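Residue numbers (UniProt numbering), protein chains in the order written: chain R, 1 to 371; chain V, 1 to 371; chain F, 1 to 326; chain B, 1 to 326.
Derived from the structure by calculation, the hints contain no laboratory data.
Incorrect hints may appear among the rest.
Here are the simulated DSS-like cross-link-like pairs (lysine-lysine), alpha carbons at most 25 angstroms apart as the crow flies [to be verified]:
| hint | chain 1 | residue 1 | chain 2 | residue 2 |
| --- | --- | --- | --- | --- |
| 1 | B | Lys-34 | B | Lys-24 |
| 2 | V | Lys-284 | V | Lys-37 |
| 3 | V | Lys-284 | F | Lys-34 |
| 4 | F | Lys-4 | F | Lys-218 |
| 5 | B | Lys-218 | B | Lys-4 |
| 6 | R | Lys-284 | B | Lys-24 |
Listed next, the stretches of chain V that the computed footprint assigns to chain B, with coverage defined by at least 3 CB atoms under 8 angstroms from CB atoms of chain B [claimed, not checked]:
| hint | stretch |
| --- | --- |
| 7 | 130–140 |
| 8 | 171–181 |
| 9 | 207–220 |
| 10 | 336–342 |
Model, not experiment: these values are computed from the prediction.
For each residue, glycine too, the CB sits at the ideal point set by N, CA and C.
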Amino acid sequence: MSITTAQEEPELIQLLTPDGELREHPDYPLDLTAAEKRGLYRDMVLVRRFDSEAVSLQRHGELGLWASLLGQEAAQVGSGRALGADDMAFPSYREHGVAWCRGVAPKSLLALFRGVTNGGWSPDEHGFHLYTIVIGAQTLHATGYAMGVQRDGAVGDGGSAVISYFGDGATSQGDTNEAFNFAAVNNAPVVFFCQNNQWAISESNDRQTRVPLYRRASGFGFPGLRVDGNDVFASLAVTRAALQHAREGQGPTLIEAFTYRMGAHTTTDDPTRYRIAAELEEWKLKDPISRLRAHLAGTGEGDEEFFAAVDAEAERLGEQVRQECRSLPDPQPLDIFHEVYAEPHAHIDRQRAEFADYLASFEGAGAEGGR
Amino acid sequence: MSITTAQEEPELIQLLTPDGELREHPDYPLDLTAAEKRGLYRDMVLVRRFDSEAVSLQRHGELGLWASLLGQEAAQVGSGRALGADDMAFPSYREHGVAWCRGVAPKSLLALFRGVTNGGWSPDEHGFHLYTIVIGAQTLHATGYAMGVQRDGAVGDGGSAVISYFGDGATSQGDTNEAFNFAAVNNAPVVFFCQNNQWAISESNDRQTRVPLYRRASGFGFPGLRVDGNDVFASLAVTRAALQHAREGQGPTLIEAFTYRMGAHTTTDDPTRYRIAAELEEWKLKDPISRLRAHLAGTGEGDEEFFAAVDAEAERLGEQVRQECRSLPDPQPLDIFHEVYAEPHAHIDRQRAEFADYLASFEGAGAEGGR
Amino acid sequence: MAEKTTIGKAINEGLRRAMEADPKVLIMGEDVGKLGGVFRVTDGLYKDFGADRVIDTPLAESGIVGTAIGLALRGYRPVCEIQFDGFFFPAANQTFTQLAKMHQRSGGRIRMPVVLRIPYGGGIGAVEHHSESPEAYFAHTAGLRVITVANPQDAFWMIQQAVSCDDPVVFFEPKRRYHERTEADLSGTLDSATGMDAARVARSGTDVTLLAYGPMVKTALQAAEADTEHSIEVVDLRSLSPVDYGTVFASVRRTGRAVIAHEAPVSAGLGAEIAARITESCFYHLEAPVIRVGGFDTPYPPSRLEEHYLPDLDRVLDGVDRAFDF
Amino acid sequence: MAEKTTIGKAINEGLRRAMEADPKVLIMGEDVGKLGGVFRVTDGLYKDFGADRVIDTPLAESGIVGTAIGLALRGYRPVCEIQFDGFFFPAANQTFTQLAKMHQRSGGRIRMPVVLRIPYGGGIGAVEHHSESPEAYFAHTAGLRVITVANPQDAFWMIQQAVSCDDPVVFFEPKRRYHERTEADLSGTLDSATGMDAARVARSGTDVTLLAYGPMVKTALQAAEADTEHSIEVVDLRSLSPVDYGTVFASVRRTGRAVIAHEAPVSAGLGAEIAARITESCFYHLEAPVIRVGGFDTPYPPSRLEEHYLPDLDRVLDGVDRAFDF
Ligand SMILES: Cc1ncc(C[n+]2csc(CCOP(=O)(O)OP(=O)(O)O)c2C)c(N)n1
Ligand SMILES: Cc1ncc(C[n+]2csc(CCOP(=O)(O)OP(=O)(O)O)c2C)c(N)n1
Ligand SMILES: [Mg+2]
Ligand SMILES: [Mg+2]
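With the rest of the complex left out, here is chain R (with noise of 0.2 angstroms):
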């Protein structure tokens, strides 16, 4: 009887050790200059700062909620700077670093977690979409957009590349594999960055899936890297590629960053309910930032000087964001009202006068717009 599965060790993509040593790789050459390697270190301290700065806020009651990227600062940062300005990504909610790379200031991330609104940035300004919440979701908006891309004729040479991130536990959901399905179909310009960090809330890969989540590409008919997420370099080195192979008209690439998520999954979560210690222990050995500052280190490409550069501007960073984080301006009750609509629309228009007329009640009463 011949049914049976193969359960090869899945190949993990690496260019840099946790040591700091650079390893070449046949297929993903990379040729960064200091600079650039220094910019990348710059990039993932700085939102490092900026994500430990929102914990913080939302430990003083300024945020609603956070969701902690820590851990992830290497794959997103990696995959963020592998965009080019033409390239659109289409983030979930944990995408702070790409979020940076694409130039979304921290404070517009602030204001969707401080409740002040459902958005906070243009997405085409950015090419960089608004979170989604709803698991799974975006990665069908991205791959429609990517069928956009096709119909504007900007594949092929100098085109245009979508990217979609997502989590482990995203890849469970029907969204996920329709959007696989239907971005292999119609051969779209999407990369399905999936950022496994072990962990979706409480429940870990296994209640998840049977085999590593980069295989699942194969059973749609494209092709699953499995990269070291904590690896800026492998993490830019693949991206650049998958998304050079979508831009030149061949199709998806589903991209299987492993990594770790160091933090609770937000600010209301408590994983010491069900994950153990050590288990962080051995991830904090793999750090993105600290593998990179040993090889900054040792190749003499960064010195004590620039670290400090580095950590000083982290430090104006956090004040920064906490400044800007506390003058968020509120919304007003009758924004509840604008948007809902693109054109004109008789019944909200009647709801929210209607509404305007009782907070005007109080007023006279001296209250105050009845709270």
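Starting from the known structure of chain R, fit chains V, F and B with the ligands onto it as the hints suggest.
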């Protein structure tokens, strides 16, 4: 750049050639007695006759619709006869051949398409769930049922297995892919039996998938096989093996039965709008019934007398089915409210009573229930 | 230039106009290409506009609506066909949590000119899931516009208005009326047409307002003809969200009575909303409560029972009688 | 044996009782295992009943409900947790076309004892999709029962009644009330409890009937306390489908006025249905139209606006005033 996809031709498991010649297969030995082979032949002929009778009943206005299985008899009878008494099947809406093997009376199927009932038989009694019209939905039911089998401790020697039927089009649905994943993660004893009849209404395979469908399984971490769906022996042998694999606790298998929908999608469809006649002619040469007949005739396991007897039985079945269909009793108006809930429901009771009063109001007027 | 035509043909012609007028308009769905859709509503468009603009999608409704959203983000105006009412539900998540909310989520930066065409309603002798009337789910979802048509003239204009609207529009097509032939003028330009969110007094009357939409408009008109005792005013709602309450209230205030008929189950159906609003705004004009006539609160029955399930002439007239005998 | 406890703990205890009483009862959903659910409602059950009965599923709501249906077909009684209201929609197809209809489809041969637990409503300062009130979608779907609780006592009994019911039950949990501590007696046997489809007069009054359910019951009671001008009778509906109209009509006939409050958008919400029915059945008792107080017909706003979106004490009292000033 190493991003490529393997594109080998899929192996088609075949035990009986279109000319009726037997082929040994190392992995799927099959040792059938002459009586068993004749039984399969009889099943296929009778099912085809029943099916064509149903098409004609629809033409005569006796059925609202019919979905013909013409061409898919081998896939259905082969897999249906592989099932044990304790196994459970979850059909789509075209599995009349499987229904036949599970002892579901033809008239029960006709009742559904006549509009007399939305169901029509006892799933438990027959180990054959109700037809499911919403594409893909039943794949999850089958997987959940198989998870129940596991919890009952009914896996292992002498255990039960579950089989889910669906079409090529159904592989595109999120539900089907979620079912693959739930089954894989839970190692559930379920066989996914995809009848790839090349068409989902007017859409050919290339609109549904970029690669052969059996490959989908490997992405979820379980075996996928492609069998000649017009070969009843291969369909039987491969399904048997996969069911046994499941019963033994080794988890799911995807079987792609490569076959052809020789008729229209349903009686309301007109395939001349979207496919060329030559395709059908080609597949006629691979007809599942004639190849078994050739085999039986060639080996002497079936003689003219036998074939004539089966044909005569088929005629009688046709006649019987016609009678039974015409004498199916119509449901009564108040049946609308029956069995909406299993437990008492004040609102439905009230609505039923009101409608009964309404109907009664016409009786006095000498009219016929308001129509 | 009035001619006899059908709702199906008028939608087809409207889609063709929309595609000619704007190269960004796309058709997508199951079997919309060579086959022209199971109801032939997209007949000929694949041939004339090609596979890039008339897309036979994989069999996955969530995928259809989800990729349509992506296409809209890229500047396209997709018109998605959901093959039957009962097969909308796999797309509920993309429709309710994404399509409906994207404009608001983005603070108005993103527009979602996506049309979902849904053939709906019963009366065609079909098997399960082919006869549903799910409009209330959509009317309860903020961010969507919901419209439906009752004649070829409206079908022709309103499909074009839906396509040119920058909000997502759910366009319900009364499938059992697809092939009925009536007069319509399929020439002229779009700006001459009544707005898609206006209701229409389909027949004037003085004693009672009978509200209907989609497939029930014809039944309502027949009821009005048949009733020799009461003068029935028939209002064709056309837009189900928002409802044109100006027209509705004006009529009810004149007649003092209202009956609303739809095929969908009565409980928490659209009739409830309309009855509640009429009562709120016309309380002192009402001689009787607003009467609802609709499907029962049961799953749609097997087709041999559908004539009893669907509100027909007699059930509508019974509702009118109840508005008087109250 | 009354003690101070919370709705969250009472559901937990009720689930434990149900699991002890019947080995066929299963818990399934995202993070319901070791974590005990994001609201800790299934806390401790994984430890005590094991992974076979408390199943951490893959992250796929359609898969959860779809496999629960399969488990029910095999004789199990699955209790599915949908993590948040806004994440129900991927399961809409399995819920509306399969779960709700299976019993009818089978002519009564199949029973579907599946419970969907859905934490719902706003007021917790959450991001998008975590504050929705989708109950009207379910109340419009024949074949489902829909209930909700407003206090630990009901939570304890009604979750057990839901589990023991042979119909699919959607069990809405008022998430912003999960942790409020009030008195309840979590001993005694199930048969002593009021049936889960009965409404309850939570506070007697003579001037107006204030109808509420789930998270709004507390607000309604506060409004009744705060209103010194009118004697407000508060009815806690408990069952949203079917609604216990006997209790509702009796109260409205006494008071002559009704106000219904819910968090969900008003349009085509449950309040519309209840208002319509009250008007149909109590027309000559009504001094004013039934007043609806609810969420606006907009997507749930960002959390810094939710206090304005949610009907609060003032909005409810304003509704009561409108019932008098009409
Ligand atoms: C459809 C849906 N169901 C449930 C949730 C609740 N939820 C939010 S995050 C999350 C886990 C996601 O895990 P993963 O995809 O691995 O992403 P990660 O959080 O690890 O980045 C869940 C279940 C949701 N947001 N959407
Ligand atoms: C969710 C859903 N969408 C659409 C349909 C309409 N429909 C009925 S059969 C069919 C094609 C199915 O093709 P396939 O899965 O290959 O099965 P086959 O009919 O070939 O046996 C479609 C689109 C449906 N039944 N369910
Ligand atoms: Mg994760
Ligand atoms: Mg097919």
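Q: Against the structure, test the hints numbered earlier, and report the numbers of the ones violated in rising order.
A: As far as the earlier hints go, 6 and 9 are violated by this structure, in ascending order.
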